[in-house]
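A.B. asks: Sequence:
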Amino acid sequence: MFIYSLRANTIKLVGVICVALTVLIALIAFIPTYAVSDTPTNADTEVSYRYDKVKTAGDVVEFLSQFGWEVTTEPIEVKTVTIPSEFDKVFSAYNEIQKAQGLNLTKFKGKDVTRYTLCVTNYPDYEGTVYANVLVYRNRVIGGDVCSADASGFVQGFLKSTP
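Numbered by numbering that gives the first Met the number 0, the letters in the sequence shown go through residues 0 to 162 in order.
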């Protein structure tokens with residue numbers, strides 16, 4: 000024969016655990032969950048762009064064509080660059096451009112990424128040289144810009160707009 004005695008502290012502990020489990024189950028059951036898309040979109044037009052499966056320079060050309068850019072088929076430069084571990088004022092401003100287009104370089108601090116630079120051939124109302132820079136990490140576009148080669152030029156995101 001086994002005898003087991005319960006003290007008031009044991010009963011309180013079991014009661015607290017039961018209440019905690021009930022609350023946890025209720026939270027899981029009744030709080031709505033929202034799926035977060037891994038692909039940035041343009042909220043104004045609800046157009047979705049593909050940022051994955053970018054393995055070659057040809058894939059970069061295809062990626063930029065989604066935004067209406069015509070670029071040279073061969074990159075001017077393909078280079079491995081490191082995203083800084085700490086963002087200075089300039090890089091923070093650059094990351095704001097990335098955030099405006101649904102991207103963010105913060106989680107790639109200290110990572111080595113591939114930068115493709117191509118020449119844009121159809122930039123509207125601008126006679127100077129325009130480049131497209133695309134940052135790729137593990138076959139996914141994580142950032143980039145369209146910019147002029149002039150010292151007093153412009154830098155913008157992938158979406159078409161005039162300087």
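Read the hints as simulated data drawn from the structure, not as lab findings.
Be careful, since some hints might not be right.
Label pairs and their calculated CB-CB ranges [as the list claims (entries may be wrong)]: (1) Ser47 - Thr21: 40 to 48 Å; (2) Pro123 - Glu73: 45 to 53 Å; (3) Phe153 - Lys88: 26 to 34 Å; (4) Val46 - Tyr93: 20 to 28 Å; (5) Thr120 - Leu23: 20 to 28 Å.
Glycine is no exception: its CB is placed at the ideal position from the N, C-alpha and C atoms.
A.B. asks: That 45 to 53 Å hint for Pro123 and Glu73 (C-beta), does it hold up?
C.D. replies: violated (23 Å)
A.B. asks: Evaluate the given range 40 to 48 Å for the C-beta pair formed by Ser47 and Thr21.
C.D. replies: Since Ser47 and Thr21 have Cβ atoms about 41 Å apart, the given range 40 to 48 Å holds.
A.B. asks: Using the C-beta atoms of Val46 and Tyr93, is the stated range 20 to 28 Å upheld?
C.D. replies: holds (24 Å)
A.B. asks: Check the following: the C-beta atoms of Phe153 and Lys88 are separated by a distance inside 26 to 34 Å.
C.D. replies: violated (18 Å)
A.B. asks: Is the distance from the Cβ of Thr120 to the Cβ of Leu23 consistent with 20 to 28 Å?
C.D. replies: violated (58 Å)
The structure is inconsistent with the numbered hints 2, 3 and 5, although it conforms to all the rest.
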